[in-house]
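Student: Line by line, the protein sequences give chains X and P.
All letters in the first sequence, in the order written, are residues 5 to 113 by our numbering.
All letters in the second sequence, in the order written, are residues 5 to 189 by our numbering.
Check before you lean on any hint, since a few could be wrong.
[What the hints assert, rightly or not] Straight-line C-alpha distance at most 25 Å; calculated DMTMM-like pairs for lysine to aspartate or glutamate:
| no. | chain 1 | residue 1 | chain 2 | residue 2 |
| --- | --- | --- | --- | --- |
| 1 | P | Lys151 | X | Glu42 |
| 2 | X | Lys44 | P | Glu62 |
| 3 | P | Lys173 | X | Glu37 |
| 4 | P | Lys137 | P | Asp119 |
| 5 | P | Lys137 | P | Glu104 |
| 6 | P | Lys173 | X | Glu42 |
| 7 | P | Lys137 | X | Glu42 |
| 8 | P | Lys173 | X | Asp34 |
| 9 | X | Lys44 | P | Asp185 |
| 10 | P | Lys173 | X | Asp23 |
| 11 | P | Lys166 | X | Asp39 |
| 12 | P | Lys166 | X | Asp13 |
| 13 | P | Lys173 | P | Asp140 |
| 14 | P | Lys137 | X | Glu26 |
| 15 | P | Lys151 | P | Glu58 |
| 16 | P | Lys173 | X | Glu26 |
| 17 | P | Lys151 | X | Asp13 |
| 18 | P | Lys173 | X | Asp39 |
| 19 | X | Lys44 | P | Glu58 |
| 20 | P | Lys166 | X | Glu42 |
| 21 | P | Lys151 | P | Glu169 |
| 22 | X | Lys44 | P | Asp57 |
| 23 | P | Lys173 | P | Asp185 |
| 24 | X | Lys44 | X | Asp34 |
| 25 | P | Lys151 | P | Asp185 |
| 26 | P | Lys151 | P | Asp138 |
| 27 | X | Lys44 | P | Glu55 |
| 28 | P | Lys151 | X | Glu26 |
| 29 | X | Lys44 | P | Glu76 |
| 30 | P | Lys137 | X | Glu37 |
| 31 | X | Lys44 | P | Asp69 |
It is worth saying that the hints were derived from the structure and are not from the lab.
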Amino acid sequence: MTGIRDASDPIARWRATIDALEAVVRAAPDEPEIDMAEAKEVRRLITMRLAAVRPNNLPAAWVRRPGILPQIVPDTGARPETTETIDLTDRRGRAGSDLGSSAIPGRRI
Amino acid sequence: MLDLMRSDIAAGSAESSTETVARALATLTPADLVQLKRLAQLRARLLPGLEWDELLNEALLRALDGSRRWPEGVPLLAFIAGIMRSLVDGRVHERRRLAERALIGHAISLAAPPDAQLHARQCLAAIARFFTKDPDVLALIAALAHKHLGGSDDAAPRLSQKRREAARKRLARAILRGQLDGFLP
Numbered sequence: 005m006t007g008i009r010d011a012s013d014p015i016a017r018w019r020a021t022i023d024a025l026e027a028v029v030r031a032a033p034d035e036p037e038i039d040m041a042e043a044k045e046v047r048r049l050i051t052m053r054l055a056a057v058r059p060n061n062l063p064a065a066w067v068r069r070p071g072i073l074p075q076i077v078p079d080t081g082a083r084p085e086t087t088e089t090i091d092l093t094d095r096r097g098r099a100g101s102d103l104g105s106s107a108i109p110g111r112r113i
Numbered sequence: 005m006l007d008l009m010r011s012d013i014a015a016g017s018a019e020s021s022t023e024t025v026a027r028a029l030a031t032l033t034p035a036d037l038v039q040l041k042r043l044a045q046l047r048a049r050l051l052p053g054l055e056w057d058e059l060l061n062e063a064l065l066r067a068l069d070g071s072r073r074w075p076e077g078v079p080l081l082a083f084i085a086g087i088m089r090s091l092v093d094g095r096v097h098e099r100r101r102l103a104e105r106a107l108i109g110h111a112i113s114l115a116a117p118p119d120a121q122l123h124a125r126q127c128l129a130a131i132a133r134f135f136t137k138d139p140d141v142l143a144l145i146a147a148l149a150h151k152h153l154g155g156s157d158d159a160a161p162r163l164s165q166k167r168r169e170a171a172r173k174r175l176a177r178a179i180l181r182g183q184l185d186g187f188l189p
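Take the sequences, apply the hints, and build the full model.
Tutor: Here is the structure:
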């Protein structure tokens, strides 16, 4: 609190009232009836904020290390029959660029 | 309620402020979380149009990015409440500055934008209506607000200690249960 504020100013009075109510809330004992939905709502907000501060909180073993390329191991097990075909070739007869170098031109899957 | 202090959480002096705040936030109880929401709701009422979750989110960001340091001996909720207060004050000053700039050349001097004054009046009237059947609570609020305006420290001098404490409990319950917030404009 710094100095005496103008008591006739409604904004100053409202601000002082909020300060007073805040002090009452902070000094209050725990309310026995807690609305868990509200607590979860605030917890979720905090969790999102924490996740933004700690963008990488996965165990080290799960994190791709620089210089090590991911290896895609072909699945040798039985696969269900596909019922539809999708043509991934572009107009020039090449596979879409986002398939990477392993893509076969004109391949149908 | 945990009433966490920085020294309860910090593993050592080498630990960053961010990590200390993050760990403390993760240990808050449901009662603490609801209290934090109520504090944000109250503070956001100072600025028409400001949402409590927006304010709390901004305060958490400031606490976690290290731009506000959590001082020793200050409970975590008081620290977050202080940031919210500072953020709202900053926005109030900014709005006032913009309103004054808009009025340059109109030869009118404004202490605060008219909509903010109207909002404050409406909120004060709403509180008076909400506690209209509980004059002890109204007397307590008036005395506490008077103290925050720089008046005497004697809260509600007309009330006995017992009645004052009972009024304080009823007021806290109305706020913590979210009843008052739902009543405010």
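Student: All the hints need checking, so say for each whether the structure fits it.
Tutor: Each hint, compared with the structure:
1. Lys151/P x Glu42/X: 32 Å, violated
2. Lys44/X x Glu62/P: Holds, at about 18 Å.
3. Lys173/P x Glu37/X: 14 Å, holds
4. Lys137/P x Asp119/P: 29 Å, violated
5. Lys137/P x Glu104/P: 40 Å, violated
6. Lys173/P x Glu42/X: The given pair, whose Cα atoms are some 21 Å apart, holds under the 25 Å limit.
7. Lys137/P x Glu42/X: Cα-Cα ~28 Å, so violated.
8. Lys173/P x Asp34/X: Holds, at roughly 11 Å.
9. Lys44/X x Asp185/P: 19 Å, holds
10. Lys173/P x Asp23/X: Roughly 17 Å between the alpha carbons, so the hint for Lys173/P and Asp23/X holds.
11. Lys166/P x Asp39/X: 29 Å, violated
12. Lys166/P x Asp13/X: 32 Å, violated
13. Lys173/P x Asp140/P: 11 Å, holds
14. Lys137/P x Glu26/X: Measuring from Cα to Cα gives roughly 22 Å; hence the hint holds.
15. Lys151/P x Glu58/P: Given pair Lys151/P, Glu58/P is violated - Cα atoms ~29 Å apart, limit 25 Å.
16. Lys173/P x Glu26/X: 13 Å, holds
17. Lys151/P x Asp13/X: 15 Å, holds
18. Lys173/P x Asp39/X: Roughly 18 Å separates the two Cα atoms, so the pair holds.
19. Lys44/X x Glu58/P: 16 Å, holds
20. Lys166/P x Glu42/X: Violated, at roughly 32 Å.
21. Lys151/P x Glu169/P: It holds: about 17 Å lies between the C-alpha atoms, which stays within 25 Å.
22. Lys44/X x Asp57/P: 13 Å, holds
23. Lys173/P x Asp185/P: Holds, at roughly 17 Å.
24. Lys44/X x Asp34/X: With Cα atoms ~17 Å apart, Lys44/X and Asp34/X stay inside 25 Å; holds.
25. Lys151/P x Asp185/P: 22 Å, holds
26. Lys151/P x Asp138/P: 20 Å, holds
27. Lys44/X x Glu55/P: 18 Å, holds
28. Lys151/P x Glu26/X: Given pair Lys151/P, Glu26/X holds - Cα atoms ~13 Å apart, limit 25 Å.
29. Lys44/X x Glu76/P: This hinted pair is violated, its Cα atoms lying about 28 Å apart.
30. Lys137/P x Glu37/X: Distance of about 23 Å is within 25 Å: holds.
31. Lys44/X x Asp69/P: It holds: about 23 Å lies between the C-alpha atoms, which stays within 25 Å.
Violated hints for the displayed structure, listed by number in ascending order: 1, 4, 5, 7, 11, 12, 15, 20, 29.
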